[in-house]
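J.: Each chain is listed here by its residues.
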Amino acid sequence: MVEPNDIELLLNKDLLEKLAKFQAIELEDVEIELEEIEFSVEGSGGGGISSPLLARLGFEFALIRDSANRITSLLGGPASPMGIAVPQMMPAAPGLAPVAPAAKPTELIPETMGVPVGDYPGSIVEVKLGATKTEGGTRAVSYVIGGEKVLPFFNFQAETPNKPVIALDVFDWPKVPLSKAVKMHFREYLEDTAEWARVCVDKFGAEMINVHLLTIDPLIEDAPPKEALKTVEAVLEAVDVPLSIGGCGDPHKDYEVFKAICENIEGERLLINSVTLDMDIEGTARLVNDHDNCVIAFTSMDVNKARELNRKLYDFVPKEQILMDTTTAALGYGLDYAFTVMERCRLAGLKGDPELNHPMSSGTTNAWAAREAWMKMGPEFAPRELRGPIWETVTGMTLLLAGVDYFMMMHPAAVDALKTMINQLMSDDKPAEPTEWVSVRM
Amino acid sequence: MPAKELSPIEIYQKLPRTNCGECGEANCMAFAAKLVNREALLEGCKPLLDPENKEAYDELWALLKPAVKAVEVGVGETALTLGGEYVFHRHEFTYFHQPAIAVDVSDEMSDEEFELRVNVLNDFSYEYIGMQLTLDMLSVRSTSGDPDTFAAAVKKASELTNKSLILCTLSPDVMRMGLEVATERRPLIYAATKDNWKEMAELALQYDCPIVASSPQDLDMLKTLTHTLEAYGVEDIVMDPGTAPNDHMAANLNNLVKLRWQSVNEEEEHLGYPILGLPLVAWAVEEEDTIINEWNEAVLSALCIDRFADAIIVHGISGWALLPQIILRNNIYTDPRKPVSVEPELVVFGEPDELAPVMLTTNFALTYYTVASDIESAKLNCYLIVVDSEGMSVESAVAGRKMTADTVAEALANFKVGDKVKHRHLVIPGRSARLSGEIQELSGWTVSVGPLDSSGIAKYLDEKWTPFPED
Chain H
1 MVEPNDIELL
11 LNKDLLEKLA
21 KFQAIELEDV
31 EIELEEIEFS
41 VEGSGGGGIS
51 SPLLARLGFE
61 FALIRDSANR
71 ITSLLGGPAS
81 PMGIAVPQMM
91 PAAPGLAPVA
101 PAAKPTELIP
111 ETMGVPVGDY
121 PGSIVEVKLG
131 ATKTEGGTRA
141 VSYVIGGEKV
151 LPFFNFQAET
161 PNKPVIALDV
171 FDWPKVPLSK
181 AVKMHFREYL
191 EDTAEWARVC
201 VDKFGAEMIN
211 VHLLTIDPLI
221 EDAPPKEALK
231 TVEAVLEAVD
241 VPLSIGGCGD
251 PHKDYEVFKA
261 ICENIEGERL
271 LINSVTLDMD
281 IEGTARLVND
291 HDNCVIAFTS
301 MDVNKARELN
311 RKLYDFVPKE
321 QILMDTTTAA
331 LGYGLDYAFT
341 VMERCRLAGL
351 KGDPELNHPM
361 SSGTTNAWAA
371 REAWMKMGPE
381 FAPRELRGPI
391 WETVTGMTLL
401 LAGVDYFMMM
411 HPAAVDALKT
421 MINQLMSDDK
431 PAEPTEWVSV
441 RM
Chain S
1001 MPAKELSPIE
1011 IYQKLPRTNC
1021 GECGEANCMA
1031 FAAKLVNREA
1041 LLEGCKPLLD
1051 PENKEAYDEL
1061 WALLKPAVKA
1071 VEVGVGETAL
1081 TLGGEYVFHR
1091 HEFTYFHQPA
1101 IAVDVSDEMS
1111 DEEFELRVNV
1121 LNDFSYEYIG
1131 MQLTLDMLSV
1141 RSTSGDPDTF
1151 AAAVKKASEL
1161 TNKSLILCTL
1171 SPDVMRMGLE
1181 VATERRPLIY
1191 AATKDNWKEM
1201 AELALQYDCP
1211 IVASSPQDLD
1221 MLKTLTHTLE
1231 AYGVEDIVMD
1241 PGTAPNDHMA
1251 ANLNNLVKLR
1261 WQSVNEEEEH
1271 LGYPILGLPL
1281 VAWAVEEEDT
1291 IINEWNEAVL
1301 SALCIDRFAD
1311 AIIVHGISGW
1321 ALLPQIILRN
1331 NIYTDPRKPV
1341 SVEPELVVFG
1351 EPDELAPVML
1361 TTNFALTYYT
1371 VASDIESAKL
1381 NCYLIVVDSE
1391 GMSVESAVAG
1401 RKMTADTVAE
1411 ALANFKVGDK
1421 VKHRHLVIPG
1431 RSARLSGEIQ
1441 ELSGWTVSVG
1451 PLDSSGIAKY
1461 LDEKWTPFPE
1471 D
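In the order they appear, the protein sequences are chains H and S. Position 177 of the first sequence, counting from 1, maps to 177 under our numbering, and the rest follow consecutively. Position 400 of the second sequence, counting from 1, maps to 1400 under our numbering, and the rest follow consecutively.
If you are wondering where the hints come from, they were derived from the structure by calculation, not from laboratory data. Keep in mind the model is a prediction, meaning the values are calculated, not measured. Accuracy of the hints is not assured; some may be wrong.
As the list claims (entries may be wrong) - Partner residues are not named here, just some residues of chain H that face chain S (Cβ under 7 Å, in silico):
1) V125
2) N155
3) E159
4) T160
5) P161
6) L190
7) G332
8) Y333
9) L335
10) P354
11) E355
12) L386
13) V394
14) T398
15) V438
What the hints assert, rightly or not - 16 Å max Cα-Cα, derived EDC-like pairs, lysine to aspartate or glutamate:
16) K430(H) to D1218(S)
17) K259(H) to E282(H)
18) K1194(S) to E433(H)
19) K1258(S) to D119(H)
20) K305(H) to E1390(S)
No residue lacks a Cβ here, since even glycine has one placed at the ideal position from N, Cα and C.
Only chain H is shown next, with the shape it has when bound in the complex (with noise of 0.2 Å):
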């Protein structure tokens, strides 16, 4: 209940004057209805007059009205020209709080939320990377990933049938420009792929690697088919989770590379990084076929391209063998369009449409490219080696939301961070309490 001392701080002299000159008053937007002694406020805004406020007016305005009908009547004037006077308005006693508008609820009035209903009749389709020994490969396991119904971790409509693989990126030559935050995990490694690799799994809980042949680039080594297949058996034979091959972007020499490793590397269920437009898609697509294993569609950023690419596969890939990826831009650098472009893909490959329910992938580590991941700024934005992961683990979590099944990453906190992120969000769990913050001392 309001206390009247309050409601008079209300009462400006402004409108107290209105009130004395009571026969002039137009309260625009305030209808009285004397039978029901009910207020009712008309239009938005209201001038900024509150409910207390109209109950104290209405006690005002009868008051006044009483004092009119009196003064008519004491000049002998005709009965009554401001109506009736209404008992029930009157206060009791002196000072005592105006009664409150019979409208004003008393009671909580229950409802129950609608639950969101999603209407997809697509699903995402489950690709399978690695082979275990059982499966006619090496390693000690193998993933699925995919098979979603709905979007990212909408719970209440069905549950995550796959977790999200997080695979860390290795690279085959050391002078591969890392920032100063990533490169002290990695420092001793950079001269030795394999170990590296081992290092990412044993003490950075890898769960598959990404092997980056960057020496095979024309512009770099132009080192020759044979000596990436070299590396890749190097790091199959160091660690024991699967792996992706990773090109160095010139589109005919990673397909020589790919083809030198397919054909010498059998029933591994590697994942080939990547199949572009402007490659050979037939001659790439039939070496991912004919050694079962699985391809990454890369596209720039345009669902149309993406659609276009996996159409061109499906003549010679099943769907289960290929994840897409359509571009991963830095938190800062065009994440809205990476986040934008993975949330539609998904979307439509829930509604339907055929050509783009694949499993997505997401080069996470070019959030270092973002000059705010890696450099030196004032010391107000200090530590960069915590302002690096946090801009891995943002950017990663971003996508994670839009869609994102297989993440390449880099800073073993921002996949620490990523993972974590990810057993919360497929677990499920409710707090038994609400979390007390509000009068904690922080």
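Starting from the known structure of chain H, fit chain S onto it as the hints suggest.
T.: Chain S in isolation, oriented as in the chain H frame:
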């Protein structure tokens, strides 16, 4: 009606159709198209404001009003709009109002800490694509539970900052004292709960302030509260579905998603209000090091920003944690209907002579502004060719074949770069090294590969630039 389903014709038919031009558009149809894109306000149509057109106005407003009400907090220049959103996915239309970020202070903090925090709120600023990104609000919380202590803290807060305020206490008595000293600031009241709603609703009405309806982890009760507050006469409501720390990300995400889906896609009654996210709950957990609290808070905040929160309260004030949050909200709330690009052209820096360096970048706004600011701060005299990469960064443009030797050669010719300088030596970005040979072949210019990041341009030019490298 969901914004995505609205057609200009539908709007046009309800407009006066006088083509008077008072709105600044050529005709009513053009204005209707602007309205549908939310690029114009209904109030722009003066004849529509005529009382005799009230019916048409009301009908149009019913069609055009956002599914999530735009709630105003604060007054004057620092007033904020929370909500005012139309769609679930940003690609369906666009998001309009970035989530406001509020910094937390409490009434038992030392003066020193209190002031430090307010200073961070006031002074934090980061330049990004030609914009200054800043923080928005101060959240003043009562940990003391004492009305006078709270009033003193709110008074101090209003003296130290003119940014909008949130007052946090579940005690109506404490809240009243806070409102008493800040009533002119129109703060956001946190919060009405199932236990105190009547007293808090009275305060919201009495002081004419927006109010948060809070029902952690119970959405039925949240809707119960918003309906009850509406019936009580409260119009400006913000919803708090509860934010839980660490292990409960699924609950956080699902609450946010359910609320926004029901308000926008289903237009469910009593739910069309902005949402408050509370990443600061990450500090309610005991951790080995406060860095972990701050890290967890930043990640939780990012989740809230990605998924529909219209305002958030944070406790951590370290730049490394705040920077990703303010940039993320800027990214997510960028209008996807407009490419973030600049005009392809030849940009002149300083006063370059005929031997000045010629460099190259793409027309992705962020790339361009980054390069331009590095060149400007080093006070270089040079030419910069901005190639049309359809708004992509160098790396993506090269990978996606948006920037090729052809487009570069074309730009060199179109912008008549050869007329400006005597030499034929072009420096390309390090991330486009792959194109160097081809560009050289196609354009006839000697191509050098510059640094990977434009922060290295000054050093590169200083050490390596010569107009005639062949000599």
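J.: So, for every hint listed, does it hold in this structure?
T.: Hints versus structure:
Interface restraint check: V125(H) against chain S, minimum CB-CB distance 22 Å, threshold 7 Å, status violated. With a cut of 7 Å, the hint placing N155(H) at the interface with chain S holds, because the nearest CB-to-CB distance is about 6 Å. For E159(H), the interface hint is violated, since its Cβ never comes within 7 Å of a Cβ in chain S; the closest pair sits about 11 Å apart. Against a cut-off of 7 Å between C-beta atoms, the interface hint on T160(H) is violated, since the closest Cβ of chain S lies about 10 Å away.
The criterion of a C-beta within 7 Å of any C-beta in chain S is not met by P161(H), whose closest approach is roughly 15 Å, and the hint is violated. The beta carbon of L190(H) is not positioned within 7 Å of any beta carbon in chain S (closest approach about 18 Å), and the interface hint is therefore violated. A cut of 7 Å between beta carbons decides the hint on G332(H): the least distance to chain S is about 4 Å, and the hint holds. Taking 7 Å as the C-beta contact cut-off toward chain S, the hint placing Y333(H) at the interface holds, the least distance being around 6 Å.
Among the interface hints, the one on L335(H) holds; its C-beta lies about 5 Å from the nearest C-beta in chain S, closer than the 7 Å criterion. Nearest Cβ of chain S to the Cβ of P354(H): about 20 Å, over the 7 Å cut. The hint is violated. Annotation: interface hint on E355(H) violated; nearest CB of chain S at approximately 18 Å, more than 7 Å. Taken as an interface hint, L386(H) checks out: its beta carbon lies about 5 Å from the nearest beta carbon of chain S, inside 7 Å.
Hint status for V394(H) relative to chain S: holds, with the closest Cβ pair at about 5 Å, below 7 Å. Contact between T398(H) and chain S, as hinted, is supported at the beta carbon level, the nearest pair being about 5 Å apart and thus within 7 Å. Annotation: V438(H) was flagged as interfacial toward chain S, and the flag holds, the nearest CB pair being 5 Å apart, inside 7 Å. Simply put, K430(H) and D1218(S) have alpha-carbon atoms about 11 Å apart, close enough for the 16 Å limit, and the pair holds.
Under the criterion of a C-alpha separation no larger than 16 Å, the hint pairing K259(H) with E282(H) is consistent with the structure, at around 12 Å. Straight-line distance between C-alpha atoms of K1194(S) and E433(H) comes to about 15 Å, which keeps the hinted pair within the 16 Å bound. Simply put, K1258(S) and D119(H) have alpha-carbon atoms about 15 Å apart, close enough for the 16 Å limit, and the pair holds. Straight-line distance between C-alpha atoms of K305(H) and E1390(S) comes to about 15 Å, which keeps the hinted pair within the 16 Å bound.
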